[in-house]
Amino acid sequence: MSVISEGVVRRKRRRSRFVAWLAGDKRAAVSLVFLLALASLSVLANVVAPYSPLEQSMDILAPPSAAHLLGTDDLGRDVFSRLVHGGPMSLYASFLAVSVGVLIGLPFGVLAGYLGGWIDTAVSRVIDTILSCPSIVLAIAVTGALGIGLTNSMIAVGIVFSPGLARLIRVQTMIVKGELYVDAARTFGLSTPRLVFRHILPNAIQPVIVQVTLLLATALLAEASLSFLGLGVQPPHPSWGQMLARAYAYMEIAPEQMYAPGFAILFTALAFNALGESLRSLLDPTRRRSD
Amino acid sequence: MSRRTLRVIGWRLLQVVPVIVLATFAVFGLLQLVPGDPAAVIAGETATAERIVQIREMLGLDLPLWQQYLHWLGGAVQGDLSTSLITGLPVIDEVLRRLPNTLLIVVCALILAISIAVPLGILAATHVDGRVDRFVTSIASLGVAVPNFWVGMILVGFFALNLGWFPTTGAASLTEDPARALWHAALPAIALASSGIAEITRQLRSALIEVLSSQYVRTLQAKGLSQGRILWRHGLKNVSLTLLTVIGLVFNRTLGATVAIEAVFAIPGTGSLVVTSATNKDFPVVQGVVFVLVLIVILCNLLIDILYSVLDPRMNKQ
Amino acid sequence: MNATVPTPTPIVAVERVGVHFPVSGGRTLKAVDGVSLEVMPRETFGVIGESGSGKTTLGRAIICLEKPSAGRILHQGLDPYALSSRELRRHRRRYQIIFQDPNAALDPRMTILKSIREPMDVTGEMPERQRQQRALELMERVGLSPDFASRYPHELSGGQKQRVCIARVLTLRPDLIVCDEAVSALDVSIQADILNLFAELQAEFGLTYVFITHNLGVVAHVSDRVAVMYLGRIVEIGRTEDVVLSPSHPYTEALLSAEPVALPSNLRSHSRVMLKGELPSHVSPPSGCRFRTRCRFVQPLCGEKEPPWRETAPGHWSACHFAGELPIMSGAELHPVKLGGHAAQPEGRA
Amino acid sequence: MVDATSTAPGAALLDVRDLGIAFRTGAGMVQVTRDVTFAIQPGEVVGLVGESGCGKTVTGLALMGLLPKATSRIAGEVLLEGENLIGMSARRLQQRRGAKISMIFQEPMSALDPVFTIGEQIAETLRAHRHVSAREARERGIEALARVGIPEPALRYDAYPHQLSGGMRQRAMIAIAIVCEPRLLIADEPTTALDVTVQAQIVDVLGDLCSRLGMAMLFITHDLGLVAQTCSRLVTMYAGEVIEEGCIDDVLVRPRHPYTSGLLRSLPALAERKSKLPAIPGRVPMRGEMPEGCRFRPRCGFARPPCEAPQPLDRLTSAGQVRCCRHDELELMGVLS
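Listed in order, the protein sequences are those of chains D, G, E and F. Numbering-wise, the working numbering comes out as the position in the first sequence, counting from 1, plus 3. Numbering-wise, the working numbering comes out as the position in the second sequence, counting from 1, plus 337. Numbering-wise, the working numbering comes out as the position in the third sequence, counting from 1, plus 3. Numbering-wise, the working numbering comes out as the position in the fourth sequence, counting from 1, plus 13.
Hints were generated in silico from the structure; no laboratory data involved. Some clues are possibly wrong.
What the hints assert, rightly or not - Straight-line C-alpha distance at most 25 Å; calculated DSS-like pairs for lysine-lysine:
| hint | chain 1 | residue 1 | chain 2 | residue 2 |
| --- | --- | --- | --- | --- |
| 1 | F | 113 | F | 82 |
| 2 | E | 308 | E | 279 |
| 3 | E | 279 | D | 180 |
| 4 | E | 70 | D | 180 |
All values derive from a computational prediction rather than experimental measurement.
Bound conformation, chain D alone (with noise of 0.2 Å):
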C-alpha cells in the first residue's frame, strides 16, 4: 500500500475494527441502539410524546389505557409523556456531571501525575480526603450550598466525581511518563507541552474513557436519587427520579406508578454499564495483542 493512501487505509481499518468490535459485542451493539434511540427520542420529545408534560386532567392516577398508554399520576398528568421528557433531563444531568468532573479531575490529575513531588503529594492527599466522604452525601451538601436545583445538583456530583477521575489520571499519567518513547521523544528535543499532547494524553486516557462511560450511569443514578429527595429536578418539570418520588406517595393506590421510571433509570444505567464494560475490554493492552 502506498504511503499516500495511508489516512484512507487507517479510516478503513477503524471502520472495520469500530463494526467488528459491534458484531463481537451483542451486548455493546444493544447498549448503544438502546442510547442512540434515547438520544433521538430527547431530541424528539415534543414530537413523540401526546401530551404536555405539564398538563394535568381530571383523570388522576388512572390505570394504562389507549389514551394514557402507562397511565396518569397523581394531578393527572399523561405519565408517558412525563417519561418522555425525563430522558433528556435525565441524560442532560449525566452528560453535565461527567464533564464537570472530568474538567476538574483531567488536569489536576494530569499535573500530579507528570509532575510528581510535592505537587502529587499534595493533589494525592486532597483526593484521598474527598473520597474519604460517601459521595451522595458530599453531593448533597455541595448542592445545598450551591442552591438546589438540577443544573446545580449535577454540578455538585460532578464536583464529587473529580477526585476519583483525578486519581485515575494521576496513575495513568505516571505510568505512561515512565514509558520509554516518552524518554526517547525527550531525547528529540520535545518541549514539555508537546510531549504532554502528543504522547501522554493520548496514551493515558483510554481507560479515563472507560471510566467516563461508567460514571454516566452513576450520574443517571445520582440524579434520580437527587431527584427523588427534592434536590434535583424541580417540580413540575418531569425527571425520572422525581417520578418516582410521586409515585412513592401514592404507593398503597396506584403501586404501578413506580415501575416506568425505575425501569427507564434501570435499562439506561444498564446500557451505559454494558458499553463501558465492553469499552474496557476492548481497549484492554492484554488483550489487543492477539488481533
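Given the structure of chain D, go ahead and fit chains G, E and F onto it with the hints provided.
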C-alpha cells in the same frame, strides 16, 4: 502481632492526621461554595436585614476566614459542632442521636452483601465463561445499574404492603428492642445491599480469576496440589486483600446510599438529616453530618489498612 | 568543527559523575558513583556489568536523560546543562539512545512512519515532503520494506521494531548513539543481523557508539574499548582485547568465567571462578573496595581503603589494590572468545 | 556432569512421541507444535533449545499436564516410566506432579505465592505427596534449602519471597521442586531473569542436584552456551517441530540441520571480532502461515525442490535425529569454523 506490624500501624495512624486536617478544611470550605453572601442565602429571600446581620454574627461570618476556621476547628476538637440554625440545638447531639439508625442498616447491608457476594464471586470465578458465570455476572451488572431506593420501594410494596411481613417505615433502637430494630432494618438493608452484592461479586470474581491464572498458581499445580487446596488456601488468601479494599469501598458507598433509602423507609438517620438541613440551608448541621461521616470512613479505612498489614507480608517492608 | 582540532576532543567526557536517587528513609541510592571515562569519535565503547551495576543509568546520564547529581558530562567539551532549556532541546538531538525493549520505545498509537518522522517533525526544519522522503530512505537503509510505513508497532516483530528505532534515531544524524542492551531482547539469529547493521551504519555515518550490555560475547565482538562496572563504579577499563584476554580485576575474571560459551566439552575451560553471594545493597555499599565481599583475593586492606586506579598495561586501568599482582586467570583459560584473528583457545583443540 | 553416553535403548525415563499441541483461539484451532519426539534416560540432562515462539515452553508445560484443558488439545504420547501422562486422570496426574516430575519457571518472583513463607510452600509440596508430620516436613524443608545452597536455611525457611533476592528465590523455587526427589525436573529458562554470575551459581546447583539425586533434567533455554555447559544431549526446536537431536558435543561441532548450524554460527562470542556475523536471513514464520514441507525452507540457503515435501524426523546412526532430507550430503559448519 509482630513489632513490624505494630510499627506499620503506628505509621498509618500518623498518616491519618493530615487527612483529618484536610477533611476539616473541606467541611469548613463547604460554606464558601455558597454563591454571594452566605448569611443572606441562609436567611432566605424574605429575611430582614437585621436577621441577616444576626445570622452573620451567629456564624461568625464577619470574621476573617482563618479566624472562622480556627473557631470552627476549636469547637470541633472539643466535640462542639455548633448549633442548628433552625432548632437551635447542638448539632453533635442530633447527629449522635440519629447515627445508630443509619449505622444499623449500613452494617446489616454490608454483612448481607458480603455473605451473598463471596460465594457468588467464587462460584463465578471457578466456572469462568460457563453458564453459572454468565448468570452471576448478569445479576451483578443488574445490581450495579439498579437504583437502590427503587429496590426499596418495590420491597415495601411487596413485603410490607402486600404481605405485611415487615413494617413499611420507621426504626427502633437496637439497645432498647433489638429484635424490633432488626425487623425494621431488614428491608432497608436488603435494598441497600443490592449494589454492594454486585460490586463485591464483580471485584472478587475478577481478582480470583487473576490469581487463579497467575504464575504461582501454575507452580502450585506443578507441585501436585489439588485444585481445591489451591483455591481455598492460596486463592482465597491472595484474594482477601482485594476483598478488604472492596469492602472498604462498598462501606463508603453504602453509607452514602442510605440517604435515599432512609427517605423511602422514613428512617430518622443521618441521611435524612442531611437532606432536610441542606434543603433548609441549615449549614452547621450539614457540616456536622459530613464531618462525622468522613471521620467514620477514615476510621474504617484505617482499620482496613491495619488488617492489610497483618494479612499481606509485603506491606511490612516499608 | 572538531575536524580542525589536531587531537580530537572526546565525543563524551564523563567526569566523576554520580547519579543519586532518593529512597525511603531519607537515604540515597547511588546508582552511579564517581564514574569517569572518555569516548573518542568513531569509537565503539563497551560498558559491561550486571543488573544493578549502574550501566543503564550511566548511559541515560550520557544523553541527558538523567541529570548527574555530582560531577559533569561534557559533550565535545560542552556542558549541556550550561545551556538554556531551549538550546539543550536542540543540542541533545545529536546524542541519541537505542533502548533494550523496542516495543516500549515506540508509541503504540503512532504508525511506523510517523514514529520515524517524529524527530524531524519536532523542529520542522525540512519541508514535509523531504521529511517523508528521508524517513522512507532510512527505512529502506535499515532493511524495512516501505509496506510497514502505515502499520502500528504491535504488527511488527521485535527485530523489525528495533530497526524502526534505529531508523528513527538516524533521522537526526547523531554524533553518538548509546545502545542500551539494544540486542538483548532479540533472538540470536536476529541479534546477529542487528549487530551487523550497527557495524555497517557506523562505517557509513561515522557514528560513535556507547554499547551497554551484560553479554560478554556481544561486547567483545563490537567494542574497541570496554569498561567493566560493578555497583555503580567502573572497576576496569581498557582496550577490549586487553580486558578480555588479560583481565586485571577479580570481578572481570569472575564475569568472564561465568559467561557460558557454546563449545564442546573438550574445548571448554574447566577451571572456573564461581562468585560467592550476591550484589550488596546500593544504599549502603561495602567500605573500601566494593567488590571485597565477593572477592576471592580479599585482604584486610580492601575494607580499609578505596582502591586507587592502577595502570597494568598502557591504557589498561584497574581499580584494585593488587592489580597486576594477583594470580588472575587469563582470558584464554576463562573464556575462549575470538579476538582480532588470534583466537584465544585452550589446549586440546580437536 | 552426567555421562554423555547414556543413550542406550532400554527403559527411557521420559519418552515423548509425536506430541502435538493445538490451542483454541478466536480464529479457531492453532497448531503450536507437532511431531515432537525425544526421550530422556534416567539421570540424563537434556537441553531443549529454540528461539522465542518455537514451542519449547509449551512443550514443557504439556509434559507436566499444565496446559489449560478447555483451550488446548494435545495429541501423542508422553510416557513417564512407561505411564502415559496424556489422558491420565487429573487425580493420578496430580500425584505424579511434584513427586516424580517437577518443574521450575523463569520468573522466580511471580512463580512463588507472595503471601506464604518459603517454608510453608516447601512443606506443602512434601505433605501433598508424603505422609510426614509437620515437624518432619520442616526438617526436610530446611534440608532442601540447604541442599540448594541457601545460607542459613533455618532462618530463610520462615522468610517470604519478597524478602529474598532473585537468585535466592530461584533457589527456593528449586527446593520446592526437588523436595520430594522427583525423577525428572523440567527447568524452563530458570536463569534468564538472573545475572550471569548468579546464573552460574544456579546452573551449578542444578547440575549438582542431578548427579546427587540421580535426577534427570530437561533444560529449556534459548542460550546455546548454557546447554553446552550443562547438558549431555541437545534437542533443537524450530517453528513447533523438533528439527534435530543429538549428543551436545557432536551437534556443536557438526550440526546436521542448517538451522542449528545457523544458530551456532551467529553467536558473536565465537565469531572473529568486528567481523560480519553470519545471520540467518528472514524471520520465523507466523503460526498461521507455516510453509508447506520443511518449515525452515524459506530461510535456508540449502533448500532444494525435495524440501517442499514434508520432512520426516530421521534417526541417525550416531544416536540422534534430524528433520532435513539433505542431512547426509550437507557438510554444515558448527562452532569451529
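Checking against the hints above, which ones are violated?
3
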